[in-house]
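Number of protein chains: 2
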Amino acid sequence: MKGIEVKNISRSFKDTRALHQINLTFEEGKIYGLLGRNGAGKSTLLNIISNRKYPDEGYVTVDGVPSVENDDALRKIFLINEKNLYPESMKVKDAFKISKDFYPSFDEAYALKLSEMFELNIKKKIKSLSTGYQSIFRNILALSVNVPYVFFDEPVLGLDAYHRDLFYKILIEKYSEEPFTAVISTHLIEEVANVIEEVIIIKKGEILKNESRDNLLANSYTVSGTISQVDSYLSSLPKYTEVLGADVIGGLKSAYILGKSDKHLPEGLEKSPMDLQKLFIHLTSI
Amino acid sequence: MKGIEVKNISRSFKDTRALHQINLTFEEGKIYGLLGRNGAGKSTLLNIISNRKYPDEGYVTVDGVPSVENDDALRKIFLINEKNLYPESMKVKDAFKISKDFYPSFDEAYALKLSEMFELNIKKKIKSLSTGYQSIFRNILALSVNVPYVFFDEPVLGLDAYHRDLFYKILIEKYSEEPFTAVISTHLIEEVANVIEEVIIIKKGEILKNESRDNLLANSYTVSGTISQVDSYLSSLPKYTEVLGADVIGGLKSAYILGKSDKHLPEGLEKSPMDLQKLFIHLTSI
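Protein chains in written order, with UniProt numbering: chain A, 1 to 286; chain B, 1 to 286.
Hints listed in this document are in silico derivations from the structure and should not be mistaken for laboratory results. Any given hint could turn out to be false.
[Unchecked claim] In the BS3-like style, the derived pairs of lysine-lysine whose C-alpha atoms are separated by at most 27 Å in a straight line are:
| no. | chain 1 | residue 1 | chain 2 | residue 2 |
| --- | --- | --- | --- | --- |
| 1 | A | Lys-253 | B | Lys-169 |
| 2 | B | Lys-125 | A | Lys-127 |
| 3 | B | Lys-91 | A | Lys-14 |
| 4 | B | Lys-271 | A | Lys-169 |
| 5 | B | Lys-91 | A | Lys-169 |
| 6 | A | Lys-127 | B | Lys-83 |
| 7 | A | Lys-83 | B | Lys-113 |
| 8 | A | Lys-14 | B | Lys-93 |
| 9 | A | Lys-30 | B | Lys-253 |
| 10 | B | Lys-83 | A | Lys-125 |
| 11 | A | Lys-30 | A | Lys-100 |
| 12 | A | Lys-204 | B | Lys-113 |
[Stated by the list, open to error] In silico contact screen, one side only, chain B against chain A (beta carbon under 10 Å); selected entries:
| no. | residue |
| --- | --- |
| 13 | Tyr-86 |
| 14 | Ser-128 |
| 15 | Thr-131 |
| 16 | Gly-132 |
| 17 | Leu-157 |
| 18 | Asp-165 |
| 19 | Glu-191 |
| 20 | Pro-273 |
| 21 | Gln-277 |
| 22 | Lys-278 |
| 23 | Ile-281 |
| 24 | Thr-284 |
Given the structure is predicted, the values throughout are model-derived calculations rather than measurements. Note that CB positions come from ideal geometry on N, CA and C, so glycine has one too.
Taking the hints into account, I'd like the entire structure generated from these sequences.
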């Protein structure tokens with residue numbers, strides 16, 4: 001059985017419940033977005049999956065095998081996050097060299113090619129890199145390591161728009177050539193909406209949504225019109241329809257609705273698709 | 001004469017030319033986007049305007065008066081950036097209190113109200129705040145200070161989507177009630193596109209664009225179609241039209257063009273508006 005399974009994971013820190021009974025599957029060869037507010041538990045989950053933190057309860061399997069104290073299983077996983085695992089006084093090019101020792105499939109030539117594309121100076125010490133270039137350095141490691149499961153925690157923090165665009169393009173290109181499982185945890189949701197296939201939303205340590213992006217977006221929409229028109233439309237909706245919120249500008253109102261929309265809206269109302277970031281904001285606002 | 005004028009500012013660091021002959025005007029009561037790649041010179045410019053760094057050449061005037069060693073002029077300016085000017089062991093609530101000493105117009109009650117909205121714990125020490133909450137703390141200072149010229153350097157770094165949305169909403173609300181000059185330097189261009197009126201793009205220490213957002217977007221467009229159709233359209237364009245770049249997916253091509261579009265495109269081609277972030281990426285890629 002291929003894939004990573006997260007089985008009933010819970011974890012608390014002092015009096016804070018970070019994760020509560022999390023069950024998830026990361027299938028082979030898919031790109032996931034792991035979305036959540038600051039403090040929702042995303043980083044704790046990624047640290048547990050990669051064995052850098054331990055759960056209070058539950059366990060993780062990699063290709064069917066429990067991962068705890070299992071080097072073969074853990075070597076199939078690569079996590080990049082703000083915690084840098086390389087000695088800080090090491091130079092970038094030396095970090096590439098030693099990566100081959102830990103990960104025999106690490107492609108040093110590819111790492112050097114990406115460094116050129118991002119104009120990363122490989123002679124610099126890791127600790128002397130700016131926030132943006134720290135992210136670029138870690139992304140290059142993750143893109144060159146060639147393991148089946150790669151987890152990106154905030155890969156574009158500090159990157160300018162051109163470098164973010166380049167990162168997404170290279171990720172998609174690499175994935176198209178040889179699919180792997182990529183899990184991207186990010187606050188820049190609208191930018192990854194076209195990159196990810198599956199969406200996992202964590203809220204206060206629990207899974208709120210776990211479905212394909214297309215499904216999630218197909219089951220939500222925006223309705224706009226005059227305040228009275230929109231209000232009368234909202235009151236006509238079946239009881240099980242959830243209204244996530246609304247914005248009012250002047251005399252106009254836009255309401256964000258979870259559920260399938262009618263084929264025919266009342267005259268004067270306009271329907272538009274929901275974007276993933278708007279949906280996220282409304283789902284996680286309370 | 002109201003407004004800030006940047007007069008022929010140049011500045012080098014060692015062998016790097018950070019800024020070269022910059023001339024700019026920030027008018028009263030407008031919202032500006034200051035956009036540029038990492039290392040383009042944005043932060044140096046903001047530090048010079050707020051007198052935290054000195055130019056090699058040129059000067060800055062505030063409401064017509066040179067700002068160097070002029071406390072009255074400098075008190076009209078507030079800059080927030082990653083450099084925190086408060087003692088790090090100070091608590092948030094005490095930072096609000098002493099802000100009134102420097103800026104008599106600082107609205108402490110409003111700062112406390114915003115802290116509640118962002119769930120910022122005012123009893124915490126500044127240094128113990130996460131990256132996201134450091135940004136929130138600085139934004140609250142900037143929104144409460146009530147001076148005519150407020151400069152935001154990366155105000156949403158580390159903020160989740162909900163908090164970014166809240167920040168933009170509060171900024172617009174405050175601006176609508178009493179307009180002030182806000183200059184926002186950010187890498188999240190598409191998100192501020194609807195907030196800013198004026199766009200300044202800096203590239204390698206020089207001003208590349210300085211015009212209204214509407215003008216900039218009205219003079220650019222995207223054309224999509226089959227590769228051969230798009231190529232033949234591009235070759236038919238007048239010589240002074242600039243083609244910024246293109247994306248190819250399968251047999252289809254989208255080209256990004258600077259210039260006014262024809263009213264009637266050849267059959268089979270589709271025109272769509274350019275978004276500001278795409279435009280930025282293509283203008284600053286080389």
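Evaluated hints:
1. A:Lys-253 <-> B:Lys-169: Holds. Lys-253 (chain A) to Lys-169 (chain B) sits at ~16 Å (cutoff 27 Å).
2. B:Lys-125 <-> A:Lys-127: Holds: Lys-125 (chain B) and Lys-127 (chain A) sit about 26 Å apart, inside 27 Å.
3. B:Lys-91 <-> A:Lys-14: holds (23 Å)
4. B:Lys-271 <-> A:Lys-169: holds (23 Å)
5. B:Lys-91 <-> A:Lys-169: violated (43 Å)
6. A:Lys-127 <-> B:Lys-83: Judged against 27 Å, a Cα distance of about 18 Å means the pair holds.
7. A:Lys-83 <-> B:Lys-113: Violated - the C-alpha atoms of Lys-113 (chain B) and Lys-83 (chain A) are around 34 Å apart, more than 27 Å.
8. A:Lys-14 <-> B:Lys-93: holds (25 Å)
9. A:Lys-30 <-> B:Lys-253: Status holds; Cα separation ~26 Å.
10. B:Lys-83 <-> A:Lys-125: holds (23 Å)
11. A:Lys-30 <-> A:Lys-100: holds (25 Å)
12. A:Lys-204 <-> B:Lys-113: holds (24 Å)
13. Tyr-86: At 21 Å from the nearest chain A Cβ, Tyr-86 (chain B) fails the 10 Å test, so the hint is violated.
14. Ser-128: violated (14 Å)
15. Thr-131: Holds: closest Cβ of chain A sits about 8 Å from Thr-131 (chain B), inside 10 Å.
16. Gly-132: holds (5 Å)
17. Leu-157: This interface hint holds because 7 Å falls under the 10 Å limit.
18. Asp-165: holds (5 Å)
19. Glu-191: holds (8 Å)
20. Pro-273: The hint is violated - Pro-273 (chain B) has no Cβ within 10 Å of chain A, the shortest such distance being about 16 Å.
21. Gln-277: Gln-277 (chain B) check passes; min Cβ-Cβ to chain A is 5 Å, inside 10 Å.
22. Lys-278: holds (8 Å)
23. Ile-281: Holds: closest Cβ of chain A sits about 5 Å from Ile-281 (chain B), inside 10 Å.
24. Thr-284: Because about 6 Å separates Thr-284 (chain B) from the closest Cβ in chain A, which is inside the 10 Å limit, the hint holds.
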